[in-house]
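*Asks:* In case you want the letters, here they are:
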Amino acid sequence: MKCRRFDRLISLFLDGRLDRDGEKELKGHLSECERCAGKLALLESVEGSAKSIETIEPPVEYWDTFSRRVAERIDARKKESPAHGLREAIGGVFSRPRLKLKIAAGLASIALVVIAGKMYMDHHGRGFLSPKKITRAYKRARHEPIEGEKQTDLSAETVVGRGKTIPEQFKAKGESAVMDLQEVKESGLSGTEGDKDVRSKKVQRPAQTEALDQASAPTPDSPDDALSETRKQPVEKAVSTEPGQRHGDEGKKLEGPSREEKHAREDRIHEAETVFGRKRGKKAEPEDADITDGKVAVRTVMLPDHYMVNGTKIPKVEYNDTLMHDYKLRELIQRWKLHIEKSPHDSLNHEGYMQIATAYYLLAKLSGDPAVISAGTRLIENYIDRIEDPALKDRLRHTLIDINSLKLNGNP
Amino acid sequence: MSKAEKRAPVNEQSDDDLIRKVQEGDPRSFDILVKRYQKRVYFLAYRMVKSHDPADDIAQETFIKAYFAIGSFKIGYSFYTWLYRICMNLSINFLKRRKFVMPECRFREEASPLEREAGGADPSKDFILKEMRDNIERAMDSLPPKYKSALILRVYEDMSYEDIAKTLKISVGTVMSRLFRARERMHDMLKEYKERES
Chain A
1 MKCRRFDRLI
11 SLFLDGRLDR
21 DGEKELKGHL
31 SECERCAGKL
41 ALLESVEGSA
51 KSIETIEPPV
61 EYWDTFSRRV
71 AERIDARKKE
81 SPAHGLREAI
91 GGVFSRPRLK
101 LKIAAGLASI
111 ALVVIAGKMY
121 MDHHGRGFLS
131 PKKITRAYKR
141 ARHEPIEGEK
151 QTDLSAETVV
161 GRGKTIPEQF
171 KAKGESAVMD
181 LQEVKESGLS
191 GTEGDKDVRS
201 KKVQRPAQTE
211 ALDQASAPTP
221 DSPDDALSET
231 RKQPVEKAVS
241 TEPGQRHGDE
251 GKKLEGPSRE
261 EKHAREDRIH
271 EAETVFGRKR
281 GKKAEPEDAD
291 ITDGKVAVRT
301 VMLPDHYMVN
311 GTKIPKVEYN
321 DTLMHDYKLR
331 ELIQRWKLHI
341 EKSPHDSLNH
351 EGYMQIATAY
361 YLLAKLSGDP
371 AVISAGTRLI
381 ENYIDRIEDP
391 ALKDRLRHTL
401 IDINSLKLNG
411 NP
Chain B
1001 MSKAEKRAPV
1011 NEQSDDDLIR
1021 KVQEGDPRSF
1031 DILVKRYQKR
1041 VYFLAYRMVK
1051 SHDPADDIAQ
1061 ETFIKAYFAI
1071 GSFKIGYSFY
1081 TWLYRICMNL
1091 SINFLKRRKF
1101 VMPECRFREE
1111 ASPLEREAGG
1121 ADPSKDFILK
1131 EMRDNIERAM
1141 DSLPPKYKSA
1151 LILRVYEDMS
1161 YEDIAKTLKI
1171 SVGTVMSRLF
1181 RARERMHDML
1191 KEYKERES
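Taken in sequence, the protein lines are chains A and B. Using the numbering used here, the letters of the first sequence correspond one by one to residues 1 to 412. Using the numbering used here, the letters of the second sequence correspond one by one to residues 1001 to 1198.
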């Protein structure tokens, strides 16, 4: 191991890189170590011999023609590839310091001009990617006010008042009517009375209701035109599926909407508007089914395949539904029951009653459980006593009969 | 170029002056540079590859590459170090492609000092010397290219560690390490030959 260190010193000694102390140390070791002394001697003779042995001299003619052969190969290389020549030419250009400087100066000035131009354009907002343009586009997308620009009124009333159609999700089958929120307020629907009074106030607007019934689809040019046009739109049945479509009742049709149904439809439209208005960035009205101080509750919305009740989505169940699981039906019943108890005056409650009845019917059909049948029967009878709408009463009675028939038949 | 420079004999012009002329488009100056360094480049290549034809090809290629790259050469740096680097790289690439190198002794005009010492009259001594020479060559040829290049530049070109470092583009410490390892291997191989002979 000790000799390993001296091996390195031997290599340095051969190259004359050892200082005096190192040389002294090495010589001291060599006097004692035969192995290291022999190693140094061998390497010295090898390197000395190598210098003298390796003398190989080509003939004189070889040296005389060497540079010419190199020149010939260079010319041949240039002819072989144009790229080579081009590279050489470019390299030649860049090898001249003065020309290099001129080119660099020219490029720098071009770059300066481009940068200055860009800064000028950006400052004056004319650049196609100027910060001002980007900011404006962003604000427009978010419907935020832009300084120096005429503001577009995006309020729900104006939009709706222009006769813009309600988005599809709020439209039931065939519905195209639009009502102005202001009109609703003026009509007296903004009172603090209970449900009955509200309904009586609705009765007091027959002219407007008829106008709604008789209207056709508007193509407004101005907000006022839109308002008059939308009044003319027909108010068709909003409910896409009718629990009344049951066995034996296929031929039975209601000959035109009843007064209560019209009022209910108007309420729904109004609520849809309000929700729409809320989607447009307006604040939601206070959640109270009672119509108080001109503010209408936003609690339920009827959509084609479900209801939005207290922010919860409840699927719409149909009489001939075969896919709904029993736990889903129970959940549906609970949610509607809770809503009806908390908001007895919600205009969409009549939908809720029918949904509960239909769900009980389906549940009874699925389970055949007498407990379910009797619970459903009790609840529906309770609703029948409570409700004033004769048509709704009638439909609930029919559902009750169907449920009881399941009990009698022992239908699983 | 100054008048003094113009009047100066060709062989007295510095490398920098000649390179500057070449960069300005004067091919005759490059010819002068070729003649100035052709032997050193050739012998360097020969010591690496141990064969005339590849050494000739490598030497010519070294100057061709230098010609086409001379535009990027910075005046003030060592031209021969730059040439050696090109030559070494070409030689190492050649050795990597060709694993076995057969040493040639085609052009021998003068006897080595060892041979002269021996007097050349004793055939047995001649044989021994030849054997030793062959062993040394064999040992050198068996070195890995990176060790061989460092040893050749040190032993034959008498380059300093710093010049070797510049030529091979390595650090001085690496130069020391490579020389040490080259000598260790040479010693081990020659010791083996010596023991076999004895």
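If you are wondering where the hints come from, they were derived from the structure by calculation, not from laboratory data. Note that the structure is a prediction, hence the values are computed from the model and not measured. One should not assume that every hint holds.
Claimed, not checked - Over 12 Å on every C-beta distance to chain B, these chain A residues come out as not near it, computed from the model:
{"no.": "1", "residue": "L12"}
{"no.": "2", "residue": "A108"}
{"no.": "3", "residue": "R136"}
{"no.": "4", "residue": "Y319"}
{"no.": "5", "residue": "N320"}
To be verified - To be clear about the criterion: a stretch of chain B counts as covered by chain A if any three or more of its residues have a C-beta under 8 Å from a C-beta of chain A, and this derived list gives those stretches:
{"no.": "6", "stretch": "1014-1021"}
{"no.": "7", "stretch": "1024-1034"}
{"no.": "8", "stretch": "1075-1089"}
{"no.": "9", "stretch": "1161-1173"}
{"no.": "10", "stretch": "1182-1189"}
Ideal placement from N, C-alpha and C gives every residue a C-beta, glycine not left out.
*Asks:* Which of the listed hints are broken here?
*Replies:* As far as the earlier hints go, 1, 6, 8 and 9 are violated by this structure, in ascending order.
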